[in-house]
Amino acid sequence: MSLNAAGAREISLTIPVAADMEIVATAQAAAVGEFIDMPRDKIDEVKLALVEACINAFEHAHARDDRVHLTFRVGRERDGREFLEVEVLDRGTGFDEALVEAPSPEKTFSGRRKRGWGLQIIRGLMDSVSILSGQGGTRILMRKYK
Amino acid sequence: MSLNAAGAREISLTIPVAADMEIVATAQAAAVGEFIDMPRDKIDEVKLALVEACINAFEHAHARDDRVHLTFRVGRERDGREFLEVEVLDRGTGFDEALVEAPSPEKTFSGRRKRGWGLQIIRGLMDSVSILSGQGGTRILMRKYK
Amino acid sequence: MTEICRVAAERRGDVAILSTDGYINNQGGEEIARQAYAQLESGARALVLNLERTRIVNSIGISILIEVLERVMDRKGQLAFCGLTPTIDKTFRIMGLAQYAAIYPTESEAVRALSQ
Amino acid sequence: MTEICRVAAERRGDVAILSTDGYINNQGGEEIARQAYAQLESGARALVLNLERTRIVNSIGISILIEVLERVMDRKGQLAFCGLTPTIDKTFRIMGLAQYAAIYPTESEAVRALSQ
Ligand SMILES: Nc1ncnc2c1ncn2[C@@H]1O[C@H](COP(=O)(O)OP(=O)(O)O)[C@@H](O)[C@H]1O
Ligand SMILES: Nc1ncnc2c1ncn2[C@@H]1O[C@H](COP(=O)(O)OP(=O)(O)O)[C@@H](O)[C@H]1O
Chain A
1 MSLNAAGARE ISLTIPVAAD MEIVATAQAA AVGEFIDMPR DKIDEVKLAL VEACINAFEH
61 AHARDDRVHL TFRVGRERDG REFLEVEVLD RGTGFDEALV EAPSPEKTFS GRRKRGWGLQ
121 IIRGLMDSVS ILSGQGGTRI LMRKYK
Chain B
147 MSLNAAGARE ISLTIPVAAD MEIVATAQAA AVGEFIDMPR DKIDEVKLAL VEACINAFEH
207 AHARDDRVHL TFRVGRERDG REFLEVEVLD RGTGFDEALV EAPSPEKTFS GRRKRGWGLQ
267 IIRGLMDSVS ILSGQGGTRI LMRKYK
Chain C
293 MTEICRVAAE RRGDVAILST DGYINNQGGE EIARQAYAQL ESGARALVLN LERTRIVNSI
353 GISILIEVLE RVMDRKGQLA FCGLTPTIDK TFRIMGLAQY AAIYPTESEA VRALSQ
Chain D
409 MTEICRVAAE RRGDVAILST DGYINNQGGE EIARQAYAQL ESGARALVLN LERTRIVNSI
469 GISILIEVLE RVMDRKGQLA FCGLTPTIDK TFRIMGLAQY AAIYPTESEA VRALSQ
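Residue numbers (the working numbering), protein chains in the order written: chain A, 1 to 146; chain B, 147 to 292; chain C, 293 to 408; chain D, 409 to 524.
Derived by calculation from the structure, the hints in this document are not laboratory data. Mixed in with the good hints, there may be bad ones.
[Stated by the list, open to error] Estimated spans, in silico, between C-beta atoms of each pair:
1. C:E359 - A:D127: 27 to 33 angstroms
2. C:R367 - A:E101: 28 to 34 angstroms
3. D:E418 - C:R367: 57 to 63 angstroms
[Said to hold, decoys possible] Over the 10 angstroms line for every Cβ pair with chain A, so calculated as not near, a few chain B residues:
4. R224
5. A248
6. R289
[Said to hold, decoys possible] Derived DMTMM-like pairs: lysine to aspartate or glutamate, alpha-carbon spacing no greater than 25 angstroms straight-line:
7. D:K498 - D:E439
8. A:K146 - C:D381
9. A:K107 - C:E362
10. A:K146 - D:E449
11. B:K260 - B:E205
12. A:K146 - A:D37
13. A:K114 - C:E362
14. B:K292 - D:D497
15. A:K42 - C:D313
16. A:K146 - B:D273
17. D:K498 - B:E233
18. D:K498 - B:D273
19. B:K188 - A:E34
For clarity, every value in this text was computed on a predicted model and none was experimentally measured. Each residue gets a CB set at the ideal place from its N, CA and C atoms; glycine is no exception.
Here chain A stands alone, though its shape is the one from the complex (with noise of 0.2 angstroms):
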């Protein structure tokens, strides 16, 4: 497997923002996760994370060119493990990750508001997740270890 030669050799889909889109991307994470033979439970952890990152460009970004473009990478760390990176990247307004008002069980619950897990389902299902968020708009670099 020679994917990860050269840093060249990544995988990018472009999807409109459009109902159910997030799930037509999930089957090219599926794809590349079989394609390294990542464990089943694993890769439904990517999709999950690859769905709840689509949905919030689709809700919040207003990107101009109406798309999300998603880049998949297959890489391997010095130590040998092998992981399964993936980027979502919205050309939209953007936002301030420490303004976000962090969610809780008891907010929640109590009723007040029932959305805003989104960012943290992200990053309680993925190895590691980094936000770039700016004027032109946001990209989630997400990793899972094989």
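Based on the hints, put chains B, C and D with the ligands in the right spot on chain A.
Chains B, C and D with the ligands only, in chain A's frame:
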């Protein structure tokens, strides 16, 4: 389903020229096919046609960017028939279809040349196929009705 | 679309079992809510949500499941989940759903627990 | 990689059955060829290729299957396919493979025909 609205609704996938990447690409064809409820056997036909087009780009195109660019579009004819359109584009050497020797079972089985069936298979499995090839590369546009 | 969530209902005494098949997004969540409320209206005291044929529930879908859970709790009813994939189980724990609803491995265990 | 083709061999008298699972590309085709030739070496007179767990065979894979078929025919042996999806069946017909090899719906029909 608003995927076919405004012509802007399309899914783009870019894969590296690398072994087995065509199979990763078929996952996207399957996901888009399922999205429009295309029957499984028709999805299989699209998948195999896509595989052949990708293999051709891998083997023959020598693309400058070492990539194959796919676009998936869902559309509807005026008579109501829905289709899945797959575009496979490479920025390679191009070729002149008129100069391609047509294969035949007789030649294949006399042992002279077993290969050379890719384009025939694509034409046999898809409902419409157009090939545009020149110095900039090759673009195969193929459609399957649901 | 194949991924659309189907919901099937079954009744065992005053326990209603709703089994999902497919992606639970907002529409899927709302279909579950609709059927859950219909079961409560027609006398069900406890609900089992069997998710064994679902591999993805997004956070919007879960927020709707939480509303259903609250409605059941308001009526002093019970709600239990079963058949969760490890990923869905993990997500329910992240969101604290596991603190408020019981989770059983299988449908029969869930039904047995709620029938007592 | 999950899609890599696995090939399992079984012998019934002088009929060898090779069952594939997964994508048949050049590697998959070559693995089939290797096992087919091993069966012929060890006395098999007829080969059944059961493709019921394969949904895609690319044209390179098919060209290798054609070589196997020719080798079997050279030895006056027989080769039959079974378990083809409609798409693989169509592709075999496009390439004329269906003119040279028998195609049966099921493995038992193929084995019965070749055992006579
Ligand atoms: N891609 C994005 N573009 C703009 N804002 C975003 C984006 N992703 C997240 N946000 C902001 O972060 C908040 C928290 O997101 P999240 O945790 O996914 O919860 P939810 O989407 O349910 O509100 C959102 O409400 C939104 O304000
Ligand atoms: N994307 C492409 N770029 C350059 N040449 C191509 C491309 N696709 C097909 N060709 C040319 O057309 C010929 C016939 O292709 P095909 O029918 O798929 O058979 P095969 O690939 O087995 O030769 C190839 O041998 C090649 O010369």
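Status of each hint after checking the structure:
1. A C-beta distance of roughly 31 angstroms is found between E359 (chain C) and D127 (chain A), which places it inside the suggested range of 27 to 33 angstroms.
2. Evaluation of the 28 to 34 angstroms hint for R367 (chain C) and E101 (chain A) yields a pass: the beta carbon distance comes to about 30 angstroms.
3. For the pair E418 (chain D) and R367 (chain C), the supplied restraint of 57 to 63 angstroms holds, since their beta-carbon distance comes to about 59 angstroms.
4. Residue-level check passed: R224 (chain B) sits 22 angstroms from the nearest beta carbon of chain A, beyond 10 angstroms.
5. A cut-off of 10 angstroms between C-beta atoms confirms that A248 (chain B) is not in contact with chain A; the least separation is 34 angstroms.
6. Remark: the non-interface label on R289 (chain B) is consistent with the geometry, its nearest Cβ contact in chain A lying 18 angstroms away (cut-off 10 angstroms).
7. Between K498 (chain D) and E439 (chain D) the alpha-carbon distance is near 23 angstroms, which keeps this suggested pair within the 25 angstroms criterion.
8. Restraint check for K146 (chain A) and D381 (chain C): the C-alpha separation of about 20 angstroms stays at or below 25 angstroms, so the hint holds.
9. Distance restraint check for K107 (chain A) and E362 (chain C): the Cα-Cα separation of roughly 13 angstroms lies within the 25 angstroms cut-off, and the hinted pair is therefore satisfied.
10. Distance restraint check for K146 (chain A) and E449 (chain D): the Cα-Cα separation of roughly 41 angstroms exceeds the 25 angstroms cut-off, and the hinted pair is therefore not satisfied.
11. Simply put, K260 (chain B) and E205 (chain B) have alpha-carbon atoms about 16 angstroms apart, close enough for the 25 angstroms limit, and the pair holds.
12. Between the alpha carbons of K146 (chain A) and D37 (chain A) the distance comes to roughly 8 angstroms, so the proposed pair stays at or under 25 angstroms and holds.
13. Under the criterion of a C-alpha separation no larger than 25 angstroms, the hint pairing K114 (chain A) with E362 (chain C) is consistent with the structure, at around 11 angstroms.
14. Between K292 (chain B) and D497 (chain D), the direct Cα distance comes to roughly 20 angstroms. Compliance with the 25 angstroms bound is thereby established for this hinted pair.
15. Restraint check for K42 (chain A) and D313 (chain C): the C-alpha separation of about 20 angstroms stays at or below 25 angstroms, so the hint holds.
16. Restraint check for K146 (chain A) and D273 (chain B): the C-alpha separation of about 40 angstroms exceeds 25 angstroms, so the hint is violated.
17. For the given pair, K498 (chain D) sits about 22 angstroms from E233 (chain B) by alpha-carbon distance, which is consistent with the 25 angstroms threshold.
18. Between K498 (chain D) and D273 (chain B), the direct Cα distance comes to roughly 14 angstroms. Compliance with the 25 angstroms bound is thereby established for this hinted pair.
19. Taking the CA atoms of K188 (chain B) and E34 (chain A), the gap is near 23 angstroms; set against the 25 angstroms cutoff, the hint holds.
Violated hints, listed in ascending order, are 10 and 16; each of the other numbered hints is respected by the structure.
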